[in-house]
Amino acid sequence: MKKNSIIYRDEIDLSHFFKIILKKKIQIILITLVMFLALFSYKQYNIKPESFEILLTIKQSKENISEKFSFINDALFSIDRNVLREDLKDEITDINKISVLQRLMKDLQYNQELIAVLKKNDTVKEKLARLPKEVQLKHLYEYTKLFSVKKIEFNNYILKFTWSDADEGKKILDDILKLGVVNLQSTIFSEIENRLRLEKRKIINEDQERIRFLIEQKKIAEELDIIGDQIDIIKTDNNNIIVDYSSGGAYYLRGYKAIEMEIYFLKNRVYKDLSYITEEMKTLKTKDRK
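Add 21 to the 1-based position in the sequence shown for the numbering used here, that's all there is to it.
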C-alpha cells in the first residue's frame, strides 16, 4: 500500500516578507494614521477629563448689614446714657457688608468648612475607608490643596475648587459657602452677646458699688438726723443762688429718706435696655435662620 505523506516547511522567507511590507507601506502608514486620529478624537470628545476647575465669584451684598444691629445703638448710645465703651460701639457699628465678607473669606481659608463638608462626601468617605486609620486624617487634609480663595477688584473674591466630577464639585463648593455663612453668623452673634454680657456685669458691679456708698451715706444721715436735702437759698439783688451741700463727698446731706429711695430703685433695677437688646437679638437670629 502506498502512503501519502505531507511535508511541512517551517522556513519563512524574510526577504519575501519585507518585500510585501515595502510594497504595502503606504497602506500601512495610512491605516496607522487613521487609527491614531480616531483614538485622539475619541479621547478629546468622548472621554471626561480627570478633573474640573470650578470657579465661584463672591460679590459684596447691596444690603447694609449694620442696619440690622441699629437697635443696639438706639438702646445704649442715647444722649443721656452712654453705657458701653467706645471700643464696643465701634465693634458693633463696624458690622457691615465689607467687613463681613472679608471675615467670611478669611475664615474659609482656614479650610475648616471644607474639611467638614468633605467628611460627609460619599466619594471621600469611600476613599478614606480603604486607607489605614492612622493616615486617613492626613489624606483628608490633602484635599485642602484643591481649594483656594483669591481677592479680586472691588473687594470681590473668587473661590476655586478642583474636583473629578463637575456637578459634585459645584455642590461641595456651595456647601462650603453656606456652612461658612452659618458659622460666621454664629460667631458674630456670640461676640456681641459676650460683650453685652460683660457690659451688663460691669453695670451691675457699678450699681452694687453705688449701693454700698449710699448705705454708708444713709447711716451718716440717720446719725445726724438729716431727713431731707440740705439746700440753702442765698438771695442777692438780681438772682437767687441755690447752694446744694449734698454735692461732692457730703452726699448724706441729701437726707436718709432720699438716699433710702435711691437704694431701693438701684436694688430693683431690671435693666430694660439690656433685656430689650437680648430679645431683639433672639428675633434677629430667628429671621436669619429662615
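Think of the hints as simulated: they come from the structure by calculation, not from any bench. What you are looking at is a predicted structure, and each value in this text was computed from that prediction instead of being measured. One or more of the hints may lead you astray.
[As the list claims (entries may be wrong)] Taking lysine to aspartate or glutamate and the DMTMM-like style, the derived pairs with C-alpha atoms no more than 25 Å apart in a straight line are:
#1 Lys199 / Asp143
#2 Lys80 / Asp128
#3 Lys159 / Glu212
#4 Lys127 / Glu230
#5 Lys159 / Asp143
#6 Lys146 / Glu174
#7 Lys171 / Glu155
#8 Lys140 / Glu214
#9 Lys83 / Glu212
#10 Lys166 / Asp195
#11 Lys293 / Asp186
#12 Lys240 / Glu281
#13 Lys171 / Asp196
#14 Lys127 / Glu147
#15 Lys146 / Glu71
#16 Lys146 / Glu220
#17 Lys166 / Asp128
Hint by hint, here is what the structure shows:
A C-alpha spacing of about 19 Å is found between Lys199 and Asp143, which places the hinted pair at or below 25 Å, so the restraint holds. Pair hint Lys80 plus Asp128 holds up; C-alpha atoms about 16 Å apart against a cutoff of 25 Å. Only pairs whose Cα atoms come within 25 Å are accepted, and Lys159 paired with Glu212 is rejected, the gap being roughly 32 Å. A hinted pair counts as satisfied when its Cα atoms are at most 25 Å apart, and Lys127 with Glu230 does not qualify at roughly 43 Å.
For a cut-off of 25 Å, the pair hint linking Lys159 to Asp143 stands: about 18 Å separates their Cα positions. Distance check on the hinted pair: Lys146 and Glu174 sit about 37 Å apart at the alpha-carbon level, beyond 25 Å; violated. The straight-line distance between the Cα atoms of Lys171 and Glu155 is roughly 33 Å, outside the 25 Å bound, and the hint therefore fails. Note on Lys140 and Glu214: the hinted pairing is violated, with a Cα-Cα distance of about 31 Å set against a maximum of 25 Å.
Proposed proximity of Lys83 and Glu212 is supported: the alpha carbons are some 24 Å apart, at most 25 Å. With a C-alpha separation of about 18 Å, the suggested pair Lys166 and Asp195 falls inside the 25 Å cut-off, and the hint holds. Between the alpha carbons of Lys293 and Asp186 the distance comes to roughly 55 Å, so the proposed pair goes past 25 Å and is violated. Of the supplied pair hints, the one linking Lys240 and Glu281 holds, its CA atoms being roughly 10 Å apart against a limit of 25 Å.
Pair hint Lys171 plus Asp196 holds up; C-alpha atoms about 18 Å apart against a cutoff of 25 Å. Taking the CA atoms of Lys127 and Glu147, the gap is near 30 Å; set against the 25 Å cutoff, the hint is violated. Note on Lys146 and Glu71: the hinted pairing holds, with a Cα-Cα distance of about 19 Å set against a maximum of 25 Å. Taking the CA atoms of Lys146 and Glu220, the gap is near 46 Å; set against the 25 Å cutoff, the hint is violated.
With a C-alpha separation of about 16 Å, the suggested pairing of Lys166 with Asp128 holds against the 25 Å cut-off.
In terms of the numbered hints stated before, the structure departs from hints 3, 4, 6, 7, 8, 11, 14 and 16, listed from lowest to highest.
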